[in-house]
Every structure is written in structure tokens, then in C-alpha cells.
Amino acid sequence: MIKTLLGSVRQYKKPTLLSPLFITLEVVLECIIPLVMAAMIDHMAGETLTPIFKNGAILIVLAMASLYCGRRAAIEAATASAGFSKNLRQDMYFNIQDFSFSDVDRFSTSSLVTRMTTDVTNVQNAFQMIIRLAVRTPLMITFSVIMAFSINVKMALIFVFILPLLGVVLFGIVLIVHPIFVRIFRRYDAMNNSVQENINGIRVVKSFVREDFEKEKFYEKTEEVRKDFTRAEKILAFNNPTMMFSVSLSMLLVSFIGAKIIVSTGATELTTGELSSVITYGIQILMSMMMLSVVFVMTIIARESANRIAEVLEYKSTLTSPDNGKKEVLDGSVVFENVKFKYSKRSKRFALSDINLEIPTGSTLGIIGGTGSSKTTLIQLISRLYDATEGTVKVGGIDVKEYDLETLRNGVAVVLQKNVLFSGTIYENMRWGDKNATNEEIEHACRLAQADEFVQQFPNKYDTYIEQGGTNVSGGQKQRLCIARALLKKPKILILDDSTSAVDTKTDALIRKAFLEEIPDTTRIIIAQRISSVQDADNIIVMDGGQIVEQGNHEELLAHNGIYKEIFDSQTKGKEDDKNA
Amino acid sequence: MPKNNGKKPMPRAKKGTGKRLIQYIFSHYKAHMVVVMIGIFVSGLASTAATFFLQRLIDNVITPGIESGMDAVWGKLVSTITIMASIYGVGVLGAFCYTRLMATVTQGTLNNFRKDMFQKMQTLPIRYFDTKAHGDIMSTYTNDTDAIRQMIGQSLPMIGQSVLTIGAIIFMMLFYSIWLSLLVAFVIVVMLRVSKKYAQASSKFMIQQQKSLAEEEGFIEEMMEGTRVIKVFCHEEESKKAFQKINEQLFEDSKNANKAGNVLMPILGNIGNIMYVLLAFVGAIMVHEKVTNIGLSGVGLMSAGIIISYLGMARQLSHTIGQVSMQVPLIAMGLAGASRVFDLMDQEPEEDEGYVSLVNVKNGSDGEMVETKEKTNQWAWKHFHKADGTTTYTKLEGNIEMEHVDFAYNPEKQILYDVTLYAKPGQKIAFVGATGAGKTTITNLINRFYDIPDGKIRYDGININKIKKPELRRSLGVVLQEVNLFTGTVMENIRYGRLEATDEECIAAAKLANADDFITRLPDGYDTMLTANGSQLSQGQRQLISIARAAVADPPVMILDEATSSIDTRTEALVQRGMDNLMKGRTVFVIAHRLSTVRNSDAIMVLDHGHIIERGTHEQLLEQKGTYYQLYTGAFELE
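Top line first, the protein sequences correspond to chains A and B.
91 is the number that the numbering used here gives to position 91 of the first sequence; each next residue is one higher, with no gaps.
Numbers given in the numbering used here equal positions in the second sequence, counted from 1, plus 1000.
Bound conformation, chain A alone:
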């Protein structure tokens, strides 16, 4: 996991390494400075000023050097961590672009968003902390211990005893708290989820007068968070006093023993200045220990996020373009041979079974079926948005798996059921279909999709800015724009997956009429709820439970007196009554 993540450091290796280097220098300087200060203090009572000036000058130089190193280290660390997170996000994003539909289903879009934002931020913070402190603190401890020893062994030993004591307590606290924190994360999510649901579903809450009910539910959740968080923080509250206790204890011991040594040896074995230095080093050691435990906490918290990022980075898409795939789609014919499909290996039931179907090029196929009858699944196999579990799907007489993926998808335009427009002008959105489309071509496509008329009514016409999620156009307008966008690809096969459900029946008919007249050679596959949308198709299939249960043209299917007839009747009953009346 760590190796995968570190692979994203790349061009920021230099700052990543420079930062600890400067920190090392800074630490060395920070350890020398008290030494020089001690020397200066010892001369304070002396007769001449020379040693004070000399040491003072050295100190100023050292301080400047330390300032430089500290500043550089800080800057390099900032660059390295910001760069690292940039690369992580980019690597994830790029890898996700290669995901197939089923891969995206597997992770779910909201989870991918969280991984690319919150998780990366967590890792970035931990990374910066690590390159700044993971080097600094052990170094500081080592140097300080060495310095303390070089001044006086007896007193240095005091720290050697107290240090592990402090270490055990601090790390013990972290270990106890960690599982509580993991639980807190979960509870926090549940609590936030409850808020989110209430904000989004406020109409439902108010309609059913469930304000108090929701309040109780929420109070329960926030109470749980409070309890756990308080528990965790109360345990963490031991940190500060433990630290203070260790510092005080070593101060007292060092002072006591130090004073005894100085007095009994007449300041030969240890000087007053040295005593204050030893204390400085001692506090540094203990402080570093404290920092180390903070780094430890951060790392543990970031570990969960790091895992989630690595999962995305390491994921190899299950659906890839073949090497030397075919670069041309010959015609718009589609053949399904004994196709079976299920969404995941674990599923017990096939979403599609025993599909055998031929769609001649230039013909129109209508698909009708109830909610959940796998109509969408069927058409998604044509442009290889999913791979068939068994059997083959052929486009232009060739197995779809043999095509270069881009070629195939450019040849097969799908207007998805859950379609989206992107933030940008209408022109920009249309150019998704064809990067180089001229304004005239775009307007032509919009006319075919019956979108031109309402676009012309917008104050800014084709330069109208579409908000994120297409919230400033109505459902029917969105659908028509999406159809126009697909038309611009000039595909061999055009698939409309319930793409005119929000369009009124008259406009729907106009769109189909335009298709017949303007793109007669393109194979058209239309999934619809309304019989009227498919009844003039060359061939209509009726799907139920993942199978084709009826097939034929409108008249044949009516004569067959099956599901199709039933749907037809349900949609036209009143009309027939009127005629009879």
C-alpha cells in the first residue's frame, strides 16, 4: 500500500528528500545553539567582554543558518506534500478514467469522490507531518541524548530512564484511543448522513410531521458521537499531564543531582551554565517524544485513508481495449448470439439470458418492457459498457471485443437514461459529440433533436451557460440536448435509452420523423415506455425478466395478444373508448 502511494511522489522526490536534509541541519544547529549559549553564560561574570562577543557572533551566525534551514525545510515540505497530493489525485483520476461501468458501480461514485478529496487531504497532512517530524524527532532525541551525555553522564542517565516511561504511557494512550477513533469515524458518518437525509428529505419530514421523530433519531446519534468522543478525549487528556509530570520529574532530579554535583565538586565537574544546558536538552528530548506520539496518531488516522486511495490506484480495469483493435466500424448491424449477462459473479440470477437478436443496419428496433426487465442492460453490451458474461455481441459483423474501444464507442452513440449535461455553454456541451463541430453543425443537430426552438428562446441562445447537473433546463429540454449531442458523433448506431420520456408525445414523434428523414442509414435502437415511441419501428422486442418474450412489428405484436397488447391497451384504453362512444 505504502509503495503504491509513494509511486506518486515522482517529480517531488527532490523536495521530499531536501526537506528532511534541511531539517537534519536545523536540528544539529538547534542542538549546538544551547551549547554556545551555555558558554556565553559562563563568561557573563568574567572580566572581559571578548568571549561574550565571540560566542554572540557565533550564535548569530548559527541562528541565521538555522533560520535558513528551517525556512527551506518548511518550504520544501510544503511543496513536497502539496505536490504529492496533486499527483495522488491525478493518478486516481486518470485511473478512474479507464474504469469500466462495472468498476464504477463497484466503487460507487460518491465513494470515489470522497477518496479523491477527504482521503487525499488526510494523507497529505500526514505526509507533511511525517517528512517534517518523523526525521526531526528521532534526530532531536538522539542529538540531545548525545549532548546531554557529553556534558554529564550521570544526569543524562536520568533522561534515559524517564524517556521509555513517557514513551510507554504516550503510545499506550494512542493504542487505547485508536479503536475508539475508528468507531467515532463510523458514528460521525452515520450522524452526518442523518443530517443530509433530513436536509434533502425535509419535504417528506414535514409532510408526515416527523420532526420530533427525526429529532429523537438524530439526538441518539449525536449523543453516541459525544460519548465516544468524550471518552477518547478524556483518555487523550492524560497526554498533557503525563508530559508535564515527566518534565517536572526530570527537572527536579536534574536540578537536585546537578546542584549536588556542582556544590560538592566546586563547579569543576559541572558548571552552572552546563546545568541549564542539560535541562534544555532534557526538555527537548521529552518534547520530541510528545511530537512522535502526535505523528503516530496522525499516521494511524491517515492509514485508513491511505488504504482507500491505494485501492483505487491499484485497481486494474476489468474491461480494456484490445491491442491492435479494429479501427473501423463497417456498418450498423448488431447481432446478439446466445448472450447471457450478470452484473457480478456473486449474483445468483442472470440479468440477461438467452438473448438472440439480429438488428440489420439502417433499421429501427424498439424495446419495450417493465421496470427492471433489463432493457438498459441489453443495449449497454453493444458499446461494451459491460462485457457479456456468455455469448457474443457483434457490431458490423465483428465481435465487439475485437474493436478498439474508442472506435467502437464512437460508432455507437448511446443516449443514456440517467443523462447529464456538464457545466458550460450549450455549444461546449454539444462539442462533446464532436470536438470540431461548427456552430452550423451543432444547430443542425439541435434542429433534428427538436432542441433548436427552445434554445433560440434563451436570451443567450447557444451560449447559454448550463449549470452543474443541468439544473437550469427542464427534463425534456435536457433530454433533447443529450440527443443532439449524440447525433453530432454521426454514429453508425444510435441508441436512445428512454431518452424522450420527459418530452411531449408530439415532439417525440417529430424527433423520430427527423431521424427517418435525415439519418436513414443509422441503425436506431429505441427503448421506451410509450408504445407510441416504438410502434413504427421495423422490429419491436418485448422484454420481461431479462429475456426477449415477444418480437415482431406493431401489428404482429398486437395480433399476438401478449404483454405488448396489454401495455398498448393500458395506454390507449380511454382512446378506444372514445372511438366506440
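The hints are simulated quantities; they were obtained by calculation from the structure and are not laboratory data.
Since the model is a prediction, treat every value here as computed from it, not as a measurement.
Backbone N, C-alpha and C fix where the C-beta goes; we use that ideal spot for every residue, glycine too.
Incorrect hints may have been included.
[What the hints assert, rightly or not] If you want the footprint, here are the derived chain A segments under chain B, 3+ residues with CB under 8 angstroms:
| # | region |
| --- | --- |
| 1 | 83-92 |
| 2 | 182-196 |
| 3 | 241-247 |
| 4 | 408-415 |
Given chain A, put chain B in place with the hints provided.
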């Protein structure tokens, strides 16, 4: 530690937020806070005392000891150490007490904030939710409360202690030498200036980082939502390029923000070092030149002892200032967060001046309705008349009248013009019209999500403004096009309609809505957990559940707003049959764009830009050969 997704740049806090926040904390945790303050005071004093400890030890024990020998100072050594040990002991105890109490106070306060916010949120009018971005409301619960947690949990105690330490040190410095203190004061001014400069740069970049983070998040969200479209259009390379551009900006801002934050500590630390040297220089010269020292302690010669202790204090001072300066941005963020939290808590709740309530009744001996506590399944409006002090009971029937209703969400754009309609119990009234024609607005007015002036809408003859909102809404079942399910089992979601409904009643409602079939095929049937708004179900399935939810509530009036738009016509016909059974003798409002859904209505209103332009039964409207006729025949134009 909640997710910090930094949706919004931090605007400044409102004036008085700090004071209000402190009052808020104290109002719930007065006793705790008093002890906390004592704890901070004690441990602050103890750690300040430690600064002078070494100096005392040197002056009182070591220096005389070197001359007079161990025995002479032994008693003093022991007593000094003992005094220090007890001071330390008290300090540690104080720190322990206040950190533990602070954990309770911090988490308790956050909990109170969340509860108060949620409680307030539930009372806010729909307009608030319609006009405010949901992400913004959400972020007060996440980012803002988290900022407050950091501030009151970490920054405030630390600053309290630091201020104490700084005050004590400055006092001691003045006590020792005014000359040297002037020098220190000069350096501190420099330090504060530097801190200010970097803190400003830091918060500037921080805001920029938040902004570009929000932008990137928006971009990612959009692209992830549209990932299927990207694939279908082979748009991967373009989306990568666009992403890189945004990502690069975020990198720059994040780098700068971190830089400004990171460099402050080394800079302040080394200014401290330089101050140390300056003090040593000046002090040594003063000693050497026998300059008269003036301090609060009196006038005398400058001595080495004074300088040495002075140096120790200077070091401690610069260290403490460094610590405080690190807390400033956290406090600014915390206050901004608190300001937004208070803002939510200060919102005006939905007004409800209604006094007519819904009560169970039974038939009294003389055929009159009598109010009862029993569940009789017979309901009546209890109406108290102020004028004559009488109380009348009106049977709940579901009779809705609207008269000459005009409405606008905002003054510039009127939505409804002179809408008049009568819906009798048992009638099915349909609204047909284009998006934005005002269909949904009418239903928003009936259940008073939005209010209009008195008397224009009457429910069973009672002005709905006089009816208590909760009671009014309880008598209306609403199924909306956009389904919102809650985390919980399918059964719990259906029971949402009526909390005391039995399992059998819920299942019966599901059967009625034709949802039983697919629910029983779910992995755990009715016990299947639904998460993320039921994302594992199709849109149609979610609509069926929401219909079952409304059916279990069994209200006298039902509003179906595009409730079956994602259900195929065959299933819809089955659902409708069920609904028709349920709604016998009740009033139903139906909004649909599919004409087959509304055909069997008792009255169909065709809406156009807020005007009812046609009304009548299906047959009557066809005869009129108006808009409805055109809509209807449009479907069969190519026949």
C-alpha cells in the same frame, strides 16, 4: 475528527460571536468552566514558576554552595526542591483536571450546538431549504463544528495559559531590569509584526486553497456523476486535461498556504535566538561598564545573575509567543464557524398561528360528535371560536376549496394567477401542464409549505391558516416525484407514514402499491437495509415504496406529484387500481405529464403559466378541442 471537505471559503466572523460563544459554553457548563479556569490558572502559574526555579536554585543554593560547601546549603537545596516539587504537583493536577473537564465541555458544547441546530432546522420553513444550498447547511454540521471543536478544545486553553505565562514573564522582566525589558519589548514588536504578516499571508492562501479545493471537488463530483457519459463519448482525454488544470491550481494554493504556515515557527524561533544574543551583549556591556540597573525591585548594579535569569525568561517568552501565533488562524476559523452556526440557530422558524386541531371523535347519544381519547378512526376538526367562546367539531372529510389564489415565490415573478378550484371528498383532481406551469406550487400551498393570505384555501370549510400546521399535514398524504428514503429497513421506511402501523399493515400497504412483489425478492425482503436514499433500488422501485409509505398513513387527502413517473405504464395501471381502492371516498390531487395517469379523474385542470386555462373531465376536455385535446391527440398523431 470529521471530514473536512472545505466546501466554502471562510468569511469573517460576525461581531460579538466570541462573546456569544463564551456565553453559550458557560450557560451549559458554568461549574465545569470555573474549575477549568482555575485549572488553567494553576497549571499556568506552575509552569511560569518553573522558569524562575533554576534561577532561584543557582542564586540561593549553587552559587553560595560553591563557596561555603554542601553542608551549609543542604537544607536550602532540599527545601527549594520540595517547594518546586509541590508546585509542579499542583500544576500537573491542575492540567489533568482541566484537560479532562475540557473534553466534557468541548464535546458537550458541540453536542448542544448540533442538537440546537437540528432542532431549529426542523422548524424552518421550506423556503429556507429551497433558497439555501444544501451543501452549505451540511457544512455547518461538519466543517464549522469541527472548527469550533479545535478552537475551544485546543486553542482557547492554550491561549489562556500562554497569556498567563507571558504576563508573568513580562512582570518578572520588569522586576529585574527595565533597560533590558525595553530591548525585549522592541524585539517583541518585531516578532508581532512578522507574525502578523505571515498570519495574514497564511489566511489569505488558506482561503484561496479552500476555494480551489471546493472548485476541484465540484469538478470531481460533476465528472464522477457524468462518468458514464464520458465513457460513451470517449471523452477521457479531455476530462483528464481539464482536471489537470484545476489540480495544478489547487497545488499552487495548497503549497503557498502550507509554506506560510510552516515558516512562521522557524522564523520566530530564530528571532528569539537573536534576541537572546542581543540581551547577552547588552547585559554583558552593562555589567562591564557598571551601568546602574533600574528594575521594579529597586535600583542597583547590573549583575551576571540577573542577566542569566533574564536570558532564560527571554527564551521562554519567545517560545510562548510562537505558540500563540500558531493558534491565531485556528481561532479565526473557529469564530467564523461559530458565526455560521449561530446564524442557523437565529433563523426565523416557520410561523404557525393555527389553533384548529384534529381529534378523534365518536358519535354521542344524540348523534352529535363527541371528542374522545380512544382510537375511533373517526376524525374531526376541533374549532374554538374566540368570538362566542364555543367549540365546534367538523367532520374530517377532505373537502378542499381554493378561491382566487395568486402566488409568487418572490415578488418579481408571479407563479399562480387567480386559481379557483373545488375538490369534493372522493374526487380525483388532476393538474396537467408544462414544467413551471405551477402544478407543484398549488400543492405547496395546500399543505402550507408556503403561506398565502387568509381565507383563500379552505379545508372542510375551515380556513387552512387557522389549522395547526402539523395537524393539517397529517391529514394530507404526499407522494413526490423526487423520492427521499431514509437509512433503515424497507419496513421502517414504509412505517414512516404511520409510526404505530403493524408489520401486517405495512405489508398490506406495499401490496396495494404493488411493491410487495419486488420487496420480497430483495435479499432480506422487508428487512433489507436501505442506505444512501435507497440507491440500490431503481427509481421506479423507490417510487413504489414512497407510495406504500403514503398509503400506510391513510390520510383523507392525497397529493400525488408525478408519483408514478418512473414506473412503467403496466405497473402503474396496477398501482392505480390499488390506489383507487384506497382512495375511495377521499380526495386525490394528481400531477402528471403522462395523460394515461390522469384520464379517469373527476376533473382535469390544464395549467399554463399559472393560469387554469381548461377544466373538465377527460371527455369534456376532448370535446373542447383545446390544449388538452392537442396534448392527447399528439400521442396518436402518427396513427
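Hint check results:
{"no.": "1", "hint": "83-92", "result": "holds (count 5)"}
{"no.": "2", "hint": "182-196", "result": "holds (count 10)"}
{"no.": "3", "hint": "241-247", "result": "holds (count 3)"}
{"no.": "4", "hint": "408-415", "result": "holds (count 4)"}
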